[in-house]
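J.: Starting from the known structure of chain A, fit chain B with the ligands onto it as the hints suggest.
Chains as they are written, first to last, in UniProt numbering: chain A, 1 to 355; chain B, 1 to 355.
Do not rely on the hints blindly, as some may be mistaken.
Which copy is meant is left open, because identical chains are indistinguishable; a pair holds if it fits in one copy or across any two.
Stated by the list, open to error - Below, simulated DSS-like cross-link-like pairs (lysine-lysine); rule was C-alpha separation at most 30 Å, straight line:
{"hint": "1", "residue 1": "K304", "residue 2": "K204"}
{"hint": "2", "residue 1": "K103", "residue 2": "K210"}
{"hint": "3", "residue 1": "K91", "residue 2": "K210"}
{"hint": "4", "residue 1": "K353", "residue 2": "K210"}
{"hint": "5", "residue 1": "K106", "residue 2": "K159"}
{"hint": "6", "residue 1": "K130", "residue 2": "K106"}
{"hint": "7", "residue 1": "K2", "residue 2": "K250"}
{"hint": "8", "residue 1": "K252", "residue 2": "K353"}
{"hint": "9", "residue 1": "K228", "residue 2": "K252"}
{"hint": "10", "residue 1": "K319", "residue 2": "K228"}
{"hint": "11", "residue 1": "K223", "residue 2": "K319"}
{"hint": "12", "residue 1": "K252", "residue 2": "K223"}
{"hint": "13", "residue 1": "K2", "residue 2": "K228"}
{"hint": "14", "residue 1": "K210", "residue 2": "K159"}
{"hint": "15", "residue 1": "K42", "residue 2": "K304"}
None of these hints come from the bench; they were simulated from the model.
Number of protein chains: 2
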Amino acid sequence: MKHNFGAGPCILPQEVFKEASQAIIEFNDTGLSILEISHRSKAFEAVIEETEALVRELLSVPAGYSILFLQGGASQQFAVVPMNLLPQTGKAAYLDSGTWASKAYKEAQKFGIVQVVASSKEANYTYVPKNFEIPADAAYFHYTSNNTIYGTELFETPKSPIPIVCDMSSDILSREITVSDYGLIYAGAQKNMGPAGVTLVIVKDDLLGKTGRDIPAIFDYRKHIEAKSLYNTPPVYAIYVSLLNLRWLKAKGGIVEIERENIIKARTLYDEIERNPLFKGTAAVEDRSRMNVTFVMENPELEKAFLTLAEERGFVGLKGHRSVGGFRASIYNALTITSINALVDAMQEFAEKNA
Amino acid sequence: MKHNFGAGPCILPQEVFKEASQAIIEFNDTGLSILEISHRSKAFEAVIEETEALVRELLSVPAGYSILFLQGGASQQFAVVPMNLLPQTGKAAYLDSGTWASKAYKEAQKFGIVQVVASSKEANYTYVPKNFEIPADAAYFHYTSNNTIYGTELFETPKSPIPIVCDMSSDILSREITVSDYGLIYAGAQKNMGPAGVTLVIVKDDLLGKTGRDIPAIFDYRKHIEAKSLYNTPPVYAIYVSLLNLRWLKAKGGIVEIERENIIKARTLYDEIERNPLFKGTAAVEDRSRMNVTFVMENPELEKAFLTLAEERGFVGLKGHRSVGGFRASIYNALTITSINALVDAMQEFAEKNA
Ligand SMILES: Cc1ncc(COP(=O)(O)O)c(C=O)c1O
Ligand SMILES: Cc1ncc(COP(=O)(O)O)c(C=O)c1O
Ligand SMILES: [Mg+2]
Ligand SMILES: [Mg+2]
Ligand SMILES: [Mg+2]
Ligand SMILES: [Mg+2]
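In isolation and in its complexed conformation, chain A is listed as follows (with noise of 0.2 Å):
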């Protein structure tokens, strides 16, 4: 048995994976497979349809919000979100948290001017800043609420005289949001949502169209809120699996569950990263990721071995990110407590054998 600890694409209910695959040979009772359906069918729009309202349900987004399923990523978002939010000669405010954090800002460069409120690089983002002043003349502040690289989270929206636009991809449908408190929020599916090839975006419709640019028609959200996500062909497939993996959510009871379920995961690793005097943790002890848990060795020659144990027992994705070292355990929604006992139990008795 494997336990999945990868960032992203990363480990999804078993249950989806079994629905996932049947709908490859027939969807439904369409006679057809999932892939060779028109994204214009009554079976297509259905999924679509439920999807959305399972996201709008799920994490309790307001009207006046629309609800997307883009194509591109988070990075491609990194560029659109600028595109519909920033007037030409406007100015934007960036948090500085982390690799993605920085590639969100230096993209936004390219639309106009970006404001750095505050950035926790010199620590190599071991921390999220705090206690720094949002413009009340940018158009729009972006920060990213969780970390991936850097094992950090900010579970705590900021207060802002301006539009909040939050890059939620690795945190998103974890815990409980205020979807009012934002103006754009943002994730690449990979993580908590579903598989690779799929984006979500909650966008307040009230703040578009105010750039004065002329933007691509693909990459413009209104013509996508228009058209229900359908304004060109979406990814099908990723969008259904979605869908599946949101009515697991549903069904084990919702972000109040699996956030209960995820503050014990976490508490449950990091307890271990403390009292095993063999590691630590990078992260700063009050913004500790509950997705991704970074950690490395007092003794950093003994890490390779841990990686083989880890491998033995058949733990995927644990080694760190370059940037940090050490190990990294992404622990995301679909990731079981078994999953991290069985870790636990190895760093025991590594540091039993290693004493």
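T.: Chain B with the ligands alone, transformed into the frame defined by chain A:
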């Protein structure tokens, strides 16, 4: 049994569905679903390398051309092509042969001057314009090789004094082409290459980097070339299913064999349309597409009854696009001659009953 004549996403071989379904449960011997593996894993690197190699082999792509697997569909290329190839003060030339061709040049107009060299719009795009002149001072000449909606196809690459950019979304991999005739080829996968969610781009490297534009990284072909289509998370599964489909195509004899079959399939259906007193084609005979066969009834009042019969027989996707009316039989690579014969039989029976 269904006969899937849908225009795209469309039929793929049954063998492909079978293997594609299995990989959702377990991919090769990884112990993981293809949906949960990292795009940076060795297992997926092997997938993308083989997919690229097969495109290169099947289409005889010469050295000096890169092959990319991107997101956003062909519609996204309508904007990304001029971003990469149209200098800020430059001009591009476009042929207007259908709905998609027209959308392509309208997006290019957002990036510079567009000269439409010829248009068949006034004739509802029933033919492909010929004998137009391509201006030597434009950066590139863009055309659509197969007009999916109107059922016309350009089999001969125009002679051009400037690089040619071609939207081959609906006829790529259906017949032999000479890649060196082109500067750039793009195609949404969801006809002959694979499922929706991935877009193929074949680009001549030395055309890039000449616009003076500060292109967002995600839209810069050079970034994707450098990263071998792994600049950001790619649409893993759509690429994998494309690989399965390309393997199928190679195993059955490659482009030479599929082109031979496609000629027979198209001829069989067009012959019946001509012969049958109830039906007539809508496209100019010399420009008839081998991929999308558009036809109507001499007596439009009978069309509904024929559609009903078609549905009873398990024909899917036969209704014509609203811009043309009547019927459109999309007869892509994976559609068998058996399905063509079933359609011809139905047309003959219908004619006998309604003589
Ligand atoms: C927080 C965050 N933002 C953006 C990205 C980039 O996403 P994509 O690969 O979909 O472009 C990632 C990828 O892991 C991420 O974790
Ligand atoms: C020739 C052609 N170009 C472009 C498109 C648009 O493709 P997409 O939906 O992938 O953007 C289509 C869609 O059918 C097409 O047939
Ligand atoms: Mg990061
Ligand atoms: Mg410790
Ligand atoms: Mg057309
Ligand atoms: Mg006839």
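J.: Are the hints correct? Go through all of them and say.
T.: Comparing the hints with the structure gives:
1. K304 / K204: neither (48 Å within a copy, 43 Å between copies)
2. K103 / K210: both (24 Å within a copy, 24 Å between copies)
3. K91 / K210: Both, since 13 Å and 28 Å are each at most 30 Å.
4. K353 / K210: Close neither inside one copy (63 Å) nor across copies (60 Å); limit 30 Å.
5. K106 / K159: within (23 Å within a copy, 41 Å between copies)
6. K130 / K106: within (21 Å within a copy, 46 Å between copies)
7. K2 / K250: Within. Shortest intra-copy distance 25 Å satisfies the 30 Å Cα cut-off; inter-copy 34 Å does not.
8. K252 / K353: neither (39 Å within a copy, 56 Å between copies)
9. K228 / K252: Classified as within: same-chain Cα gap 28 Å, cross-chain 39 Å, threshold 30 Å.
10. K319 / K228: between (40 Å within a copy, 23 Å between copies)
11. K223 / K319: between (41 Å within a copy, 26 Å between copies)
12. K252 / K223: neither (35 Å within a copy, 41 Å between copies)
13. K2 / K228: For K2 and K228, only the inter-copy Cα distance (29 Å) is at most 30 Å; the intra-copy one is 38 Å.
14. K210 / K159: Within one copy only: 23 Å inside, 44 Å across.
15. K42 / K304: Between. Shortest inter-copy distance 19 Å satisfies the 30 Å Cα cut-off; intra-copy 53 Å does not.
Violated hints, listed in ascending order, are 1, 4, 8, 12; each of the other numbered hints is respected by the structure.
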